[in-house]
Every structure is written in structure tokens, then in C-alpha cells.
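Peer 1: Please model the entire structure based on the sequences and the hints provided.
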Amino acid sequence: MLSQQTIQIWSSILFVSALAVAGEVLIAAGMKQLGDLDNIRAQSGLLGAIRAVLTNARFVMGALCMALNFFAMLFALSIADLSLAAPAIASLTYIGNAIAAKVFLREKVDHRRWLATGFVAVGVALLAR
Amino acid sequence: MKHTLKPSQYAVLIAIMLTASVGDSLLSRGMEQVGHVDLHHLGLLWHALFNPFVDAGIVLLIGFFACYTTALSWADLTFLMPATAFGYVVIALLGRFWLHEQLSPSRWAGIALIVCAVGFVAGGPSRTEHPQLDQMDAGAGL
Chain B
1 MLSQQTIQIW
11 SSILFVSALA
21 VAGEVLIAAG
31 MKQLGDLDNI
41 RAQSGLLGAI
51 RAVLTNARFV
61 MGALCMALNF
71 FAMLFALSIA
81 DLSLAAPAIA
91 SLTYIGNAIA
101 AKVFLREKVD
111 HRRWLATGFV
121 AVGVALLAR
Chain L
1001 MKHTLKPSQY
1011 AVLIAIMLTA
1021 SVGDSLLSRG
1031 MEQVGHVDLH
1041 HLGLLWHALF
1051 NPFVDAGIVL
1061 LIGFFACYTT
1071 ALSWADLTFL
1081 MPATAFGYVV
1091 IALLGRFWLH
1101 EQLSPSRWAG
1111 IALIVCAVGF
1121 VAGGPSRTEH
1131 PQLDQMDAGA
1141 GL
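Protein sequence lines, in the order shown, are assigned to chains B and L.
So the first sequence is residues 1 to 129, counted in the numbering used here.
So the second sequence is residues 1001 to 1142, counted in the numbering used here.
Watch out, some of these pointers could steer you wrong.
[Said to hold, decoys possible] So the derived label-pair ranges between C-beta atoms look like this: (1) L:P1105 with B:V60: 43 to 51 Å; (2) L:W1046 with B:N39: 36 to 44 Å; (3) B:G35 with L:P1007: 16 to 24 Å; (4) L:D1038 with B:L84: 37 to 45 Å; (5) B:L84 with L:L1044: 38 to 46 Å; (6) L:L1044 with B:L82: 18 to 26 Å; (7) L:A1109 with B:A57: 48 to 56 Å; (8) L:A1122 with B:G35: 17 to 25 Å; (9) L:P1007 with B:K108: 22 to 30 Å; (10) B:S83 with L:A1056: 25 to 33 Å; (11) B:V60 with L:L1103: 34 to 42 Å.
[Unchecked claim] Cβ-to-Cβ under 7 Å is the rule here; a few derived chain B residues that face chain L: (12) A28; (13) M31; (14) L37; (15) A42; (16) D81; (17) V109; (18) R112; (19) R113; (20) A116; (21) V120; (22) V122.
[To be verified] Pulled from the structure, derived: some chain L residues nowhere near chain B, Cβ distances all over 12 Å: (23) G1030; (24) P1052; (25) L1077; (26) V1089; (27) V1118.
Rather than coming from a laboratory, the hints here were simulated on the basis of the structure.
Just so it is clear, CB atoms sit at the ideal spot from N, CA and C, and this is done for glycine as well.
Peer 2: Encoded structure:
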């Protein structure tokens, strides 16, 4: 039987990871919607490119998720050990990003990218120990 | 059509790898000098803004976010993930060869796995083609 504290710790880790995935996928969706920033900068200049990014709704929502993620991370670290929370959140975020990129962004995640995602998730966990 | 990267785009990827890791290291170094910040000493955060390591770290992290956002406009999220993870390798190698820290076998294994992951995606296309969606987006942008 899982203790209440264990459930609380893993809930916070899952919540932080979910916010990070939502933030990254929304930002990626916004940037895909805008298209190559180099082309926008060539047409409208640097300020035009910055304005295009900052007025994109998906980008703004993604940035908000990342800001919430920062504060949720602080809360998670207050109840969980850094040695558990940091690698767990990083690994779950990488795996969640790959799944969300395939489902929501319709990226072609072939076997090479799945293998890379798995290697990154395990590698980051090993490095953060 | 297979998306290949221009030299300037490779430079953005290298900047992503370096800016996040070096920026985090500088922030960490600066906050060590500033001291422990808690709810009763939030004023220390203001003090931290006058620490040169913290300032340099913030500038590099802003640079990282700009490069990452730019890269997402021409590359897939799953293509960029190993590049962002490579920052952890840079931090570990900086610790080993600059600060002369000892790396455990499990950390060397982590470095090897991330380097392999970069190799896996580097050989493939940087972006998924969606011809119909691209046309719809172009139409919506008019």
C-alpha cells in the first residue's frame, strides 16, 4: 500500500512534468504556426519577428505554462528530495514531449526518435543522480 | 523532401547546447555567493540581481530561450530534445575537466546515452512535412 506522502510526492512530480510538456508543446505549436522566424525577420525585421512571437496565442499560453511550471517545481522540491524529483521530472518530461509531439503536433516520431527519447530519459536520470 | 540544416541553424543548435548549461552553472555559482534565500529573506533576490555571475547567467538563459524558440520555428520538438539534453553533458564535462570533479561510472553512462541520442536524430530529417497543413497555415496567414 502506498503511503499518502509517496502519493503526494509522485502527484507533484507528474503535475510539474505535465505543465512542462504542455508549455513546450504549446510553444512548439505556436512556432510551427508562425513558420521560419528567419523569413519573418527578413520581411519585417527583428522587432517584427519579436512582435509576431509575442502576439501568438499558443506561444503566450505555453510561456504561461512554463512560468507555472517554475513555481510548481519549487513546491515539488519542497516536499520531495532533489535527487528524486530532478531526474524523475526531466525524464518524464522528455517521454511526455515525444508522445505529445506525435499526438498533438503530428510529428513523425520514427523508431530512431523513440530510441533517442528513451536514451535521453535514461541518460538524464543517470546524470542527475 | 528531407529537411537539411543551414550552417547558421547548426550554430543555433550549438548555442542551445551551450547557453542553457553555462547559464545554469553561472546562476548556481552566483547564488552560492548570494547565500540561502527563503521566504523570510526575499530581499536577497534583489541583492542577487547585482551579482555579476547571476546577471551573466540571466543573459545566457534569455539567449537560450531566444535560440530555442527560433529553432522550434524550423525544427521538430522531438528533433531538438536531444540537443537540449546535451546541455546536461556539457555541465558534467565542465565539472570534470574545469572543476576537476570525479564522475561516477553511472554519469559516464548517462553521457554516452545522450551522445548516442544526438547521433540518432542528427542523421534524420529536422522537420516533419505536412504539405496540406502548411498550405492551410499559409492561407490562414494571409
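Peer 1: Going through the numbered hints above, which ones does this structure break? Give me the numbers in ascending order.
Peer 2: Hints 4, 5, 7, 15, 16, 25, 26, 27 are the ones this structure does not satisfy, whereas the remaining hints hold.
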